[in-house]
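Chemist: Starting from the structure of chain Y, add chain U where the hints point.
There are 2 protein chains.
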Amino acid sequence: MLTYKKSFLLFAFVVLVSIVHAQTKLISYVRPLTGTARMGHVFPGATLPFGAVQLSPDTDTIPYEMNGKYNPDVYKYCAGYQYSDKTIVGFSHTHFSGTGHSDLGDFLLMPTTGELQLNPGTADHPETGYRSVFSHENEVATPAYYKVKLDDQNITAELTATTRVGMHRYRFPAGGPAHIIFDAMHGIYNYDDKNVWTFIRVEKDGSITGFRQTNGWARTRTVYFAMRFSKPIKEYGFRKYDPVQAYRGFWGKFKQDKNFPEMAGHCIRAWFDFDVAANETVEVKLALSPVSTEGALLNLNTEIAGWDFDAVKAAGEAAWEKELAKVTIKSSNQATLENFYTAMYHAALMPTVYMDVDGRYKGLDQNIHQANGFTNYSSYSLWDTYRAFHPLLNILQPQRNADMIQSMLAHYNQSVHQMLPVWSHYANENWCMIGYHSVSVIADAIVKGNASFDANKALDACVATAMHRNYDGLGEYIDRGYVPEDKSSSSVSKTLEYAYDDWAIAQAALKLNRTDIYEQFMKRSQNFRQVWNPATGFMQARMSDGSFIKDFDPLSTHQKGYIEGNAWNYSLYVPHDPAALISLMGGKKIFLRHLDSLFTMHLPDEFFAHTEDITRDGIIGNYVHGNEPSHHVAYLFTAAGAPYKTQEWVRKILLNQYKSAPDGLGGNDDCGQMSAWYIFNSLGFYPVAPGSSSYAIGSPAIEEASIQLDNGKTFSIVAHNQSPVNVYVKKVLLNGKPISNWQLEHSSILAGGKLEFFMSNRHSN
Amino acid sequence: MLTYKKSFLLFAFVVLVSIVHAQTKLISYVRPLTGTARMGHVFPGATLPFGAVQLSPDTDTIPYEMNGKYNPDVYKYCAGYQYSDKTIVGFSHTHFSGTGHSDLGDFLLMPTTGELQLNPGTADHPETGYRSVFSHENEVATPAYYKVKLDDQNITAELTATTRVGMHRYRFPAGGPAHIIFDAMHGIYNYDDKNVWTFIRVEKDGSITGFRQTNGWARTRTVYFAMRFSKPIKEYGFRKYDPVQAYRGFWGKFKQDKNFPEMAGHCIRAWFDFDVAANETVEVKLALSPVSTEGALLNLNTEIAGWDFDAVKAAGEAAWEKELAKVTIKSSNQATLENFYTAMYHAALMPTVYMDVDGRYKGLDQNIHQANGFTNYSSYSLWDTYRAFHPLLNILQPQRNADMIQSMLAHYNQSVHQMLPVWSHYANENWCMIGYHSVSVIADAIVKGNASFDANKALDACVATAMHRNYDGLGEYIDRGYVPEDKSSSSVSKTLEYAYDDWAIAQAALKLNRTDIYEQFMKRSQNFRQVWNPATGFMQARMSDGSFIKDFDPLSTHQKGYIEGNAWNYSLYVPHDPAALISLMGGKKIFLRHLDSLFTMHLPDEFFAHTEDITRDGIIGNYVHGNEPSHHVAYLFTAAGAPYKTQEWVRKILLNQYKSAPDGLGGNDDCGQMSAWYIFNSLGFYPVAPGSSSYAIGSPAIEEASIQLDNGKTFSIVAHNQSPVNVYVKKVLLNGKPISNWQLEHSSILAGGKLEFFMSNRHSN
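Protein chains in written order, with this note's numbering: chain Y, 88 to 852; chain U, 88 to 852.
The reader is advised that the hints may include incorrect statements.
Same chains, same label: a pair holds when it works inside one copy or across any pair of copies.
[What the hints assert, rightly or not] Lysine-lysine pairs mimicking BS3-like chemistry, simulated, CA-CA at most 27 Å apart:
no., residue 1, residue 2
1, LYS409, LYS234
2, LYS544, LYS291
3, LYS342, LYS156
4, LYS574, LYS342
5, LYS647, LYS340
These are calculated hints, taken from the structure and not from any lab test.
Next up, chain Y with everything else stripped away, as it sits in the complex:
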């Protein structure tokens, strides 16, 4: 970990070489490999903005359990790729970005030559399977394109993608028989019974179609595919690896080992052989569908009609360039440019498009639905993304955000629980993490006027979700005002987050003139007071009998009552009423001292060693940036009357927690939340409490920025006298008029205009 002083020194020595030229493509600043080492859990492969296909190399996959026990190493492979690995197993088509639990990894392809090997082999002995050694020297990763040399057989693999189709180009240097392995057993987070069923057909025209059904993080999940090769298959075959094969039926009348066009079973690996000339390439296109193989073929034919790999790559790069150009920045620091556009890239990966080109998708009821008037999205890590990611979309991607909300409302309509999504992916609710922060996303959009959906129905869905008594201690919360720890664990975290969500619902109700709801939920939103223990000075778990839990250690990350945070961090989670929090904690002076302690206390290196989803780098003092509950905390200095400390710490966090290197992310990127935090803070403001129409002003890290709004207007940001040490904001002008309350209104951004920061190396407070 970099200390405070060292980091400043380092900053001062950075060679100032780079600025954005009109000629330089923004995509050239994106480093998909950033965050692929350790705990970033991002993937380096080819994908389009919010694309359904994430075609990326998997360097390993580890069983979820070893000898009946959870295998902690599985966690490293949430996105399938670890930078320190020496081998690549193959290229699969679906990956989460930055999650702390996982799934996916569907339909792995791997080109090989020589003797056919159908098992992946081991990292230590790659020669025992189809995997290959590779080197980062022979690796190129840009958002829409990935290239690597597979050293074992000197095969070059290139990947690109459209929204729903992955395209591969494999170059075989030596002529002769070449294999393309199609591993339909491969997957991320594999359990013994994860592979429920696989069905593969070789169609009459040589297309390969089928589906894979899994029981993983998503319990009842089916992904359909359609695949084509650029040259005729010479021969093909498959092998079943089913755990039980009690009944084989009457299939014995065929020789099934070769060229048998219908394969099915729990666990299947297939292979396709081609005669290739020396240096010949074989291209593969594989389309996904949430609906059917028919849908996959439609997607395939619609998105990539021909075999022009370079054209697909160029179109993908153009799509990314357009996406990145929503914000152009100026910085004399190359790392800032790289970090910023890498963050822009990471904040445009999830949720992913989840419908065929004709608008059909599978719903939570496993029926096929038509998305009328919106694009349906899947894979919502809402506990993370409600904080900064969705607010960022309300500025940069209002239509996408409204479509995502439409998708969440469709989920609600299909839900037998009558709940909005908690953590949902691929027509499943996986119930991961706590709260129901869909309501925050919806309220934020309503309050900010980005509600191209039926806002009143959306509010009804929020209220129904917030009244679901059977959900995770919520009945107790409704009755008592807090979640008792003896009834439901992580009770402090739940109580605090429910209270914030209550406030968000109330804000939407206020906007929609639903007074009864406003009053009901404003009252509930004060429930954070129920877990405040004046005796300890922390938010603390209570029992059903009203007593606070005994044996309380506010530093312990094992302390009952919290999840992904300790009492120090979580006690500050009242984003919607910092004034009340400050008052509870004894007023501004004591509160500021408390915040100072949080950021500066010295904890032993091993203190967070057992916290699996952040690295030691994800921590500053006892401030945990690698987990989300503290993401608003730096702004509490401002609320307590010390904005210069906000400015100081925001800049330190930006510098400290985000680096342009494979190990540059201090924790899981969490589906864009960590990156959205970076983008907001780099621009100089942050949505402390989504559901509010205003942002708190921090300290910008760029020299200039220009936000191209969907309404055609431009919002410009200029940081005068910007430098690594000039972190303090002396003055802020909006369209020439000073801002005195450290608040920026969303409407001011939408109106276009200019925000000017005047930076200094000294603060005036």
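Modeler: The following block gives chain U in isolation, referenced to the frame of chain Y:
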């Protein structure tokens, strides 16, 4: 087994009491319990003609394997019900009729009271589970209705059905808490990994929806359902019985044991509780769909809108009455009436409707298709049914038969094998038995002018199927003219059936003026000669080197070369060219002596003991009626110039092999083939070689019959001087003109008119 003389005596003593009155409903003659003992493999429950739902009691289900070995007892439960059993496990919604291998048994319901038991218990100790003792005294079975008293708790269960919906009425004599068990693990022919996945939702309106995916005889099979109860559910729950539960996800935030509305897993049993008053009934409606739960709800709402069980039952009975009334017969023998209408019922159960009310169905490619202009059917046991069942439909149900052919052509279009169905069910090809007798069904319809489909395309599909070199020895057959036993087992049976199918294709080609195909396949149709061994006088297996197989025992049912028949029976399988067969066998005199031997030879009782799909009763001498390859054999007497022997033996088979009693069927009913044989022969004629436009005349067993044709005409049959001993036909008049060649043309039937038989107790030959 009844001997020849005893049977005549018995016949003479039958009290002649019954004739058909206009007032007597034909349905009253149907005995659904006939064939439920031993090897008939029919089910006694409620269904409609060709209905998608077969709602029937299961008296047991046995695992397919015990200790890793095939469990022969599983065979008894092909239709879920054995008459000799003392307990009923419950009522499931899908059953095959008369098959010799099995599947299905989906969605078992069972009403219970008292302590909740979620496992079925054992037959010996029914008190250990939810099953109940029952008695045939308290059992009523008619085609559209089934009723039984469940003795353990004195609950009366009644079942009825529409095409796609099963309806239950349970009467609970004592008030209090009542359970309805919903066992989604229950199934017929269960393997260790048969239950692939089950998904159940309790919808907001109290409907239960979901699906069950199995890996059985059908490899990739999903059945969707929607269920409603007549009164509100008090509470409900489920239990998982998954073999492996490596990963449980984040579902712990709910109490899932009770009232949790989304259940999923490999193996699930659920329960629904109701508060009932004494003698209160609870009704249940459960609809099936091949498409989705949405489709199941559509079927449910369309077919049974309300809760009038008696009205559904009455409509079902009316549907059956209409079906049965296609043939009205007159007989002074009650058993004949019962046998005939039971046969008519059994010949109207399969194939089953396989589409939603809106025409959507799942195809072989697992995509959803729309049946345009036809009703889609599933479950084709074609090796059996091409012989007499489909020819019967060409008379009684021409539109259904044409629709079934349309369904087979849809299957062909969806097949990656580019083959017509062999044995297909529920969007799967299970490849059971030999040949590809779809081509016979199609050829028969084309030749008989019942081709309301594209006949030329259908012929192309037949040719493509017959040219599929990878299929079951067919490549060898094409190259050599026979299937070598060392390349593909059952080689004689295959060679003979391929040769017959070749002839059928040729007949269709002739009708369609496709001369090249006609010539090609007429040549192939002579391939039966290739396996004729003049040295032994039997059709005998040959090796690749051309030699006949050594160690030949023509009586042995273990002899290599045959399936479901020995050399004695199979050597007569040249239905399309009896003259050539007779010539090969040494001329008419020797041939007739051979046939006499077949019917009269004495074999020890245990000879056929190991033949699992026929009972000892299914045999007369060495003539095996319980398996299909001999079904045309009695007519070979006529071909050899001794029609009186055909007449004599046909009447003996009718009397001997079909009885109106639970053990009244001499073998599996085979999806209506055995029953169709009964109907044709009772009426006095039989389709010896489907694909021919003519029938061979036999000896009618009724006094009068009237066939109501779809074209509005009536074809009447009168047997003058009919009696149990007057089995010989002295003379036959068609519309007053004598028939001298013992042939009846299909066109003569379609034209309407009158066929008169003049019966005698003496023959003139």
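Chemist: Hints first: check each against the structure and report whether it holds.
Modeler: These are the hints, each one checked on the structure:
1. Only within a single protomer do LYS409 and LYS234 lie at most 27 Å apart by alpha-carbon distance; the minimum there is 22 Å, versus 70 Å between protomers.
2. In this assembly of identical chains, the alpha carbons of LYS544 and LYS291 lie at most 27 Å apart only when taken from different copies (17 Å versus 48 Å within one copy).
3. For a Cα distance limit of 27 Å, the shortest separation of LYS342 from LYS156 across copies, 24 Å, qualifies, whereas the shortest one inside one copy, 40 Å, does not.
4. Taking CA atoms no more than 27 Å apart as the test, LYS574 paired with LYS342 passes between copies only; the shortest distance there is 11 Å, against 59 Å inside one copy.
5. In this homomeric assembly, LYS647 and LYS340 come within 27 Å of each other (Cα to Cα) only across copies, at 16 Å, whereas the closest approach inside a single copy is 62 Å.
Of the numbered hints given earlier, the model fails none.
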